[in-house]
Each structure stands twice: as C-alpha cells, then as structure tokens.
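S.K.: Sequence:
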Amino acid sequence: MNKMNTTIKRYGIIGFPLKHSFSPYIHNRAFGDLGIKAVYEKIETEPEKFEEKMAELKSGNLSGLNVTIPYKERILRFIDQIDPYAKAIGAVNTIKCHYDRWTGYNTDWAGFLKPIETDLDSIEKCLITGAGGAARAVAFALLKVKRVEFLWIANRTVQRAEKLVRTLKQHGTIEFRTSDLNEAAECGISFDLIVNTTSVGMSGQKEELIIDPQPISKPGTIIYDLIYNPLETPLLQAAAKLNLKTVNGLPMLIFQAEEAFKIWTGRRFNQNTINHLFDKLPELIR
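The opening position of the sequence shown corresponds to residue 1 in our numbering, with each subsequent residue numbered one higher.
Derived from the structure by calculation, the hints contain no laboratory data.
The C-beta atom is built at its ideal place from N, Cα and C for all residues, glycine as well.
You may find that some hints are simply not true.
What follows is a list of derived Cβ distance ranges for each label pair [stated by the list, open to error]: (1) 242 / 53: 17 to 23 Å; (2) 70 / 190: 32 to 38 Å; (3) 267 / 199: 17 to 23 Å; (4) 242 / 175: 24 to 30 Å; (5) 160 / 44: 42 to 48 Å.
Once the Cα atoms are required to be at most 35 Å apart in a straight line, the calculated DSBU-like pairs of lysine-lysine come out as [unchecked claim]: (6) 206 / 241; (7) 125 / 42; (8) 19 / 9; (9) 144 / 241; (10) 114 / 245; (11) 163 / 146; (12) 114 / 163; (13) 218 / 114; (14) 9 / 241; (15) 206 / 37; (16) 114 / 9; (17) 87 / 262; (18) 241 / 146; (19) 144 / 262; (20) 280 / 114; (21) 19 / 96; (22) 245 / 87; (23) 58 / 96; (24) 53 / 37; (25) 87 / 58; (26) 245 / 144; (27) 19 / 37; (28) 146 / 9; (29) 206 / 42; (30) 241 / 49; (31) 9 / 42; (32) 96 / 163; (33) 218 / 49; (34) 42 / 144; (35) 262 / 169; (36) 53 / 42; (37) 58 / 42; (38) 206 / 19; (39) 42 / 87; (40) 144 / 169.
Please model the entire structure based on the sequences and the hints provided.
M.R.: What follows is the structure, encoded as structure tokens:
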C-alpha cells in the first residue's frame with residue numbers, strides 16, 4: 001500500500017448511471033471545509049459487472065461507500081452487519097468499511113425528516129405516492145413520528161403498495177390504506193402531508209402531474225417531492241398555486257449525505273458547507 005493510501009481516506013458512491021450524481025461535490029466540499037484528508041469518487045458500475053466490482057471494492061482500501069439506484073437492495077448480501085433501521089427498511093445506502101468488514105446503514109429516512117422537523121407536531125394524515133425503495137424509507141420515517149395516525153400509499157400497481165404495507169405493519173400500529181393513484185386523488189381526505197417518491201416529474205421525462213393536490217389538501221398541507229431536478233416539479237408548481245408549503249428533494253439530498261458523513265467521520269457538516277450547498281447546488285441543477 002503506498003503512502004497516499006495510508007494518509008488519504010477513500011470514499012465513493014456506487015450505482016448506475018452516476019452521470020448526474022452530486023455526491024462527490026457534496027462530500028469533497030465537506031471534507032475540504034473540515035480539513036479532513038479524504039477523497040470521494042464515483043464508482044459507476046453496470047449491473048452485469050456489479051458482483052465483480054463488489055469483490056474488488058471489498059478487498060480494497062475503502063473507508064466508506066454510498067449506494068444508489070439500482071443497488072440499495074442488491075448490496076445486502078455483501079454486508080457483514082446491518083443497522084436495525086436499514087434492516088427494517090430493507091435497503092442500504094451507506095456503508096462504513098473497516099478493513100474487509102462492512103456495516104450497512106440507511107440515511108434516507110433521517111434525511112427525509114430533517115426539512116420538516118418543525119412541522120411534525122401537526123402531521124397526522126399522510127399520503128405517499130409510489131411504493132418502491134424511496135417510499136419504504138419515507139414510510140418508515142413517518143412511523144417514527146408520534147402524531148402520525150394514518151398512512152395511505154397509492155401506487156400504479158396496487159399489489160406493490162399492499163406488499164409495502166404488510167412490511168410496515170410489522171413496525172407500526174397506525175392505520176394504513178392502499179389504492180391506485182386515481183382512487184387516492186378522489187378519496188376526499190385532506191392530508192397533512194403528501195409525498196411523491198416516484199420519478200414522475202423528473203427532468204427529461206414527460207411533464208406530468210403525479211396527483212392533483214387540490215382536492216386532497218387544506219391550508220397548511222405540506223407537499224413534498226423527493227425529486228430535486230427540476231427543483232419545481234409539476235406537483236410542486238400545482239401546490240404553489242394553492243399557497244401550500246412545498247419541499248423539494250434538495251434538502252433531503254444534503255441531509256442524508258450529512259448523516260452518512262457523520263457515520264464515517266463522527267462529524268457533521270459545518271455551517272459553511274451547508275450554506276454553500278444550498279446556494280450552489282441549485283445552480284448546478286439548472
């Protein structure tokens with residue numbers, strides 16, 4: 001092992017594709033601001049080469065790894081130990097590497113809650129659109145919110161929503177309901193929080209409104225879209241016209257990264273880092 005490998009810690013993100021990942025920008029900025037000798041890089045890996053790459057990484061000198069689409073579940077068999085939260089969610093997005101022993105975590109749920117932490121006392125009824133990995137993390141996070149009493153999961157394929165709810169019932173005793181998107185849009189309930197976890201509205205896709213917030217919202221409803229590119233999705237634009245509070249996926253991106261950083265280093269981002277990221281990332285996204 002050369003001198004650089006012994007003095008500069010190596011971190012990275014594995015996924016496919018990674019062309020638009022901001023993780024290297026975020027973490028390298030944080031390392032620099034705190035004077036930590038470390039480098040963070042993209043490890044773009046095609047699905048058919050995943051196992052080979054994992055064997056290479058496991059025998060290498062990584063100190064930490066982020067995991068993104070499509071490997072958050074596929075990575076599980078390479079983990080030696082798993083945090084209880086990640087085990088409950090069934091997905092890992094952060095790994096702490098200690099020699100060849102890897103411990104898996106999920107920071108998405110904590111990153112999701114951070115931007116709305118001052119609103120949690122007023123959230124009782126929630127709607128989630130989507131039933132994939134992101135929906136699992138969001139739903140798990142909402143189960144940890146004391147005031148939440150009702151969670152409706154709407155998905156184009158109702159069976160996937162039902163499967164997710166069966167898992168959630170093992171971890172919470174609130175009331176659940178599932179449906180397709182059309183039924184949820186016409187349910188007549190005024191939700192306190194509506195969260196889009198699907199890719200509908202993402203840049204490069206057809207301009208599409210995942211669900212009309214008007215008939216299922218009230219003054220004070222929070223509309224939260226996990227998408228951050230574009231910063232204003234059709235859903236958030238519709239919510240803004242109703243004067244509802246809106247949250248895009250940028251704060252979650254930054255705060256889930258901070259949680260991973262803390263797992264690796266024991267330190268949080270300093271305020272200069274956070275200010276810079278909220279100022280600069282929107283420019284890079286545009």
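S.K.: Work down the list of hints and note, for each, if the structure agrees.
M.R.: To see whether the hints hold, each was checked on the structure:
1. 242 / 53: 17 to 23 Å: Violated - the Cβ-Cβ distance for residue 242 and residue 53, about 46 Å, lies outside 17 to 23 Å.
2. 70 / 190: 32 to 38 Å: holds, 36 Å
3. 267 / 199: 17 to 23 Å: Violated, since residue 267 and residue 199 (Cβ atoms, about 33 Å apart) do not stay within the stated range.
4. 242 / 175: 24 to 30 Å: holds, 26 Å
5. 160 / 44: 42 to 48 Å: Taking Cβ atoms as reference, residue 160 and residue 44 lie about 28 Å apart, which means the hint is violated.
6. 206 / 241: holds, 21 Å
7. 125 / 42: violated, 39 Å
8. 19 / 9: holds, 23 Å
9. 144 / 241: Holds, at roughly 31 Å.
10. 114 / 245: holds, 15 Å
11. 163 / 146: holds, 24 Å
12. 114 / 163: holds, 27 Å
13. 218 / 114: holds, 23 Å
14. 9 / 241: violated, 47 Å
15. 206 / 37: Measuring from Cα to Cα gives roughly 43 Å; hence the hint is violated.
16. 114 / 9: Within the cut-off at roughly 28 Å; holds.
17. 87 / 262: Holds. Residue 87 to residue 262 sits at ~19 Å (cutoff 35 Å).
18. 241 / 146: holds, 30 Å
19. 144 / 262: Roughly 21 Å separates the two Cα atoms, so the pair holds.
20. 280 / 114: holds, 20 Å
21. 19 / 96: holds, 24 Å
22. 245 / 87: Holds. Residue 245 to residue 87 sits at ~32 Å (cutoff 35 Å).
23. 58 / 96: Holds: residue 58 and residue 96 sit about 11 Å apart, inside 35 Å.
24. 53 / 37: At roughly 25 Å apart (the allowed maximum being 35 Å), residue 37 and residue 53 satisfy the hint.
25. 87 / 58: holds, 20 Å
26. 245 / 144: Status holds; Cα separation ~22 Å.
27. 19 / 37: With a Cα-Cα distance of about 25 Å, the restraint between residue 19 and residue 37 holds, given a limit of 35 Å.
28. 146 / 9: Answer violated: residue 146 to residue 9 is near 39 Å, above 35 Å.
29. 206 / 42: holds, 28 Å
30. 241 / 49: Between residue 241 and residue 49 the Cα gap is close to 46 Å, so the pair fails against 35 Å, i.e. violated.
31. 9 / 42: Distance of about 15 Å is within 35 Å: holds.
32. 96 / 163: Given that 35 Å is the threshold and the Cα spacing comes to 30 Å, the pair holds.
33. 218 / 49: The hint is violated at about 48 Å.
34. 42 / 144: holds, 32 Å
35. 262 / 169: Given pair residue 262, residue 169 holds - Cα atoms ~30 Å apart, limit 35 Å.
36. 53 / 42: holds, 13 Å
37. 58 / 42: holds, 16 Å
38. 206 / 19: The given pair, whose Cα atoms are some 20 Å apart, holds under the 35 Å limit.
39. 42 / 87: holds, 25 Å
40. 144 / 169: holds, 13 Å
When the structure is compared with the earlier hints, violations turn up for hints 1, 3, 5, 7, 14, 15, 28, 30, 33 and for no others.
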